[in-house]
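Novice: The primary structure of each chain is shown beneath.
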Amino acid sequence: MMNHYEKVKTIVDKYGGNHDSVISILQDIQSEYHYLPEHALRAVASQLGLPLIQICGVATFFKAFSLKPRGEHTVTVCLGTACHVRGAPAVLGEVKRQLGIEPNNTTDDMLFTLETVNCLGACALGPIMVIDGRYHGQMGPGKAKKILKK
Amino acid sequence: MIELTIDGIKIKTEEGTTVLEAARETGIIIPTLCYHPGLSPYGACRICLVQVVKGNHSSLEASCTLPVDQRQVILTNSEKVTRTRKLIMELLLSSCPNSKTLQDMAANMGINKVRFKIKDRGCILCGRCVRYCKEQMKSGGIGFVGRGTSRKVATAFDVTPEECRNCGGCEWICPVCEKACMADSLIDGLCGGCQNLAPVETCLVCTGCSESVGPQGHRVYE
Amino acid sequence: MGIAAMKTLSSAADLERLRNRILSRRDSEKPCVVTSVGTCGVVRGSGAVAKAIPKALSSLKIKHLVDFKTTGCHGFCEIEPVVVIYPERVLYQRVTSADIPEIINETLVNNKIIERLLYVDRLTGKKIVNEQDIPFYNRQTRVILDNNRLVDPHKIEDYLALGGYSALCKALFHMQPEGIIAEIKKSGLRGRGGAGFPTGIKWEACRNAPCSDDIRYVICNADEGDPGAYMDRSLLEGNPHSVIEGMIIGAYAVGAHDGYVYVRLEYPLALKNLGIALGRAREYGFLGQNILGSGFDFDVKISRGGGAFICGESTALMASLEGKVGEPRQKHIHTAVQGLYGRPTNLNNVETWANVPLIINRGADWYSQIGTEGSKGTKIFSLVGKINNTGLVEVPMGIRLREIIYGIGGGIPRGKKFKAIQTGGPSGGCLPESLIDLPVDFDRLTEVGSMMGSGGMIVMDENNCMVDIARYFVNFLTEESCGKCVPCREGLDRMQDILTDITEGRGKEGDIELLEELGDLLKESSLCALGTTASNPVLSTIKYFRAEYEAHIREKRCPAGVCKALITFMVDSEKCTGCGVCLRECPQEAIFGEKKKPHTIDQSKCIRCGLCRDSCKFEAIIVA
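First to last, the protein sequences are chains B, R and V. When we follow the working numbering, the leftmost residue of the first sequence carries the number 5, and every step to the right adds one. When we follow the working numbering, the leftmost residue of the second sequence carries the number 194, and every step to the right adds one. When we follow the working numbering, the leftmost residue of the third sequence carries the number 126, and every step to the right adds one.
What the hints contain is simulated information worked out from the structure, not anything from laboratory work. Here the structure is a predicted model, which is why all the values come from computation and not from measurement. Note that beta-carbon positions come from the ideal geometry of N, C-alpha and C, so glycine has one too. Incorrect hints may appear among the rest.
Okay, derived cross-link-like pairs now, DSS-like style, lysine-lysine, Cα gap no bigger than 27 angstroms in a straight line [said to hold, decoys possible]: (1) V:K397 - B:K13; (2) R:K306 - V:K449; (3) B:K153 - V:K252; (4) V:K648 - R:K306; (5) R:K273 - R:K293; (6) V:K311 - V:K180; (7) V:K668 - R:K273; (8) R:K203 - V:K730; (9) V:K720 - V:K742; (10) R:K273 - B:K72; (11) B:K150 - V:K720.
Ranges of calculated distance between the beta carbons of each label pair, as one might list FRET restraints [claimed, not checked]: (12) V:S183 - B:G53: 32 to 42 angstroms; (13) V:M695 - R:N305: 21 to 31 angstroms; (14) B:D112 - V:L185: 52 to 62 angstroms; (15) V:G170 - B:S35: 20 to 30 angstroms; (16) R:S233 - B:E42: 26 to 36 angstroms; (17) V:L639 - R:K203: 38 to 48 angstroms; (18) R:G303 - V:Y466: 43 to 53 angstroms; (19) R:N305 - B:L115: 27 to 37 angstroms.
Take the sequences, apply the hints, and build the full model.
Specialist: As structure tokens, this is what we get:
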């Protein structure tokens, strides 16, 4: 059983301990822990020999990273222009109502995290909602309600 | 040597000089906020914008980062420049209304009203404190976190960083931070970025801020 | 399985021998079933279709008689999943896995066409059997995208069979770097990422930039962040080798030995297929040391984005490659001269790179015959929004908007009226009906207050509110702004405040002028192109749709019926059948009425969520 520091070291070593690979390192850490825990960021800073605030800067700049623990399921609503034009805000409104949370937050029972994204590139099928990597196209508030209930 | 013209004055200066530096050498005042001669230029506040004229076409560029170029024609005080500067100042005031430096700069520009919603960020995000910590103190105690309007100066996880040298330089170099310098408690400090650092005993340069002076002792506005 | 290379190819002659072997084992008359498994198709179920095909071929025991191929996006996203049967190119649309056994049995074995699965031409009402007869396709000029239907992105042999990497051979063995640059300059190719900078001039600047250690870089910008644009995704998913080949030629021309492809994180399939293609290219000797025995070394690394639109800007992208936040710097000195790690760096967009092998093979003279005086070649657009034929269209520069929207796009669905078309993403503008005959090229679009951008074309109809659209783009940009410079960070934020006020009924006289003033400020004083182009959506909608803004401000009315605070949902008592579906759907219990009698909405409870309109089968819910 590796401790957290060692787990991070494996990831850092995979990228040769390179400063440029900070973003990739953080992405791998996030895949491992489903978010970026404080101890992992401290480990990265120490192992790369970079100031901790610099790592924090990168971790808080990119939308892909979350410093808060996330839910078991991630619900992502696309708010790209094509989806917007086809009614995405109404879909988001319904999802917010069903889950009872704002985007970038997690339900109290830690089951669902709601996120928004600014275009997935599947515009023909908009509006799009992704649940745990599965794409659902041509959403409307009614359809979203049905899918979430399941 | 490069020859250029600023406000009609012919200037000779070395290659690699910035337009701002060339202007200062000649005694032409261009207002600045994020610029400091001891730090790398940043180009974030945009208050030092000058007009670069090329034939019929002109553009506004930040003089603190713009390198001098042969036969460049620069205007530091044209109608376009002053109009733009005023609007930037108005935006700055709406995001940091309690700064005496900004208030004085604005008053001198003839601004007496802010038409935008006041959102006091307590900081103009000029980055002087961050650059000071990194470049002068070779430390890495404070930095920028977040993005867009959520961007702010902070320490990692909002606790005193190990790297902090307690030099107080971040407070000293802040162009808007007079409030922090005179505050009893650092919690009242303007940007809050230094509020978890060890208290500074004395403010090295502050003269009580009854005049609008910048930390280096020069007037920062016309 | 194609023919595995027994050893790495070490000369142009090796490549030609391999290509001939591949071609000799291909029979163009042999039936082949093709289905596309690009992201669009998969969302609609083409994954299941792709699994069903070999199963059906096996069960009918004809697997040895019929080939099966999966490809990337063909481009006609509206009709996905598609199944195309070669050699006749019989096309079936909106196929489900349940249809497959019938398709294999009827069409392949019994040579019968299944009428119900054919594409129906909207204008004539006629069914079309063959892919090449479909107007959506044959009205385009698909010199780049066409190969997507012929190539399995995992099989380099497919690319080789089409002549792939022959441009590379020509460049390495029959041309000099300066000659390649001259050819690209002559072709008139301009960057397809948005700014439209002349590619040849950029390459030349990079090659000639002084560099003490002679290390240069080439980068492929695959951060396609404009919402609504997905051309690059389709190219990388469907034909990654075309981009790789372009990069190798470019690297040879500028003198770079290291390349990067920066792919946005939101494109997992593009990342995967690119990775596979790079692996194959290395195995065959197109990447690595001594490429095809030419003495030229070059290899490519993939870097993933982190969810930041600003990283599509070249200096921010390079900062991100260096492991820093995506903060742009001023471009007093261009990245071609000082870029990644301060070294000369040539950055180009995915589509730009894909044009390179085409130009080298067919020549600049041929290429420059397509397009207009100032904009040569073709451009791939993603035609989305309120349009019948949603998909990717590749057209010559200079084609009129009308042809794209009506001729290829099939017009506006549900009989609605065209209102505006947005080009250039958040950096572009909205163009009205009066400009429908505008020839589409870089300079014309900029002249009218928009820009080409990366190629997103979003069509809007009478039910879209232009003030809402402006607010949407400003919202997007405030979220994506890096926050470094004052005009963008604070200026956009205050523009957002004003637009929100207007759409929520708090607009006041002078707001439009204030928006224009801020818009001009951003244009002239922002540090990077995100800021300088950020005001285009607002300024263009004010220019062409000022009356709509005024209605919101002076009359507190949203003519298009979109802005929630200014609209009311009502039941049309003539159409309402009293079925009660909306009553049950309403989350606020704001609808009441007896069975079989017209219902009413209690305005004091209504939150304008739209669930009732969505669920009504009689179109009895109207918006005023």
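Novice: Evaluate each hint against the coordinates.
Specialist: Structure-based check of each hint:
1. V:K397 - B:K13: The hint holds at about 25 angstroms.
2. R:K306 - V:K449: violated (39 angstroms)
3. B:K153 - V:K252: violated (40 angstroms)
4. V:K648 - R:K306: Distance ~23 angstroms between K648 (chain V) and K306 (chain R) Cα, so the pair holds.
5. R:K273 - R:K293: holds (26 angstroms)
6. V:K311 - V:K180: Violated - the C-alpha atoms of K180 (chain V) and K311 (chain V) are around 51 angstroms apart, more than 27 angstroms.
7. V:K668 - R:K273: holds (22 angstroms)
8. R:K203 - V:K730: violated (71 angstroms)
9. V:K720 - V:K742: Within the cut-off at roughly 16 angstroms; holds.
10. R:K273 - B:K72: Violated, at roughly 46 angstroms.
11. B:K150 - V:K720: holds (24 angstroms)
12. V:S183 - B:G53: 32 to 42 angstroms: Since the Cβ atoms of S183 (chain V) and G53 (chain B) sit about 57 angstroms apart, the hinted range of 32 to 42 angstroms is violated.
13. V:M695 - R:N305: 21 to 31 angstroms: Between M695 (chain V) and N305 (chain R), where Cβ atoms are some 48 angstroms apart, the hint is violated.
14. B:D112 - V:L185: 52 to 62 angstroms: holds (54 angstroms)
15. V:G170 - B:S35: 20 to 30 angstroms: holds (27 angstroms)
16. R:S233 - B:E42: 26 to 36 angstroms: holds (30 angstroms)
17. V:L639 - R:K203: 38 to 48 angstroms: Check passed, 40 angstroms falls within 38 to 48 angstroms.
18. R:G303 - V:Y466: 43 to 53 angstroms: At roughly 46 angstroms between Cβ atoms, Y466 (chain V) and G303 (chain R) fall inside 43 to 53 angstroms, so the hint holds.
19. R:N305 - B:L115: 27 to 37 angstroms: violated (55 angstroms)
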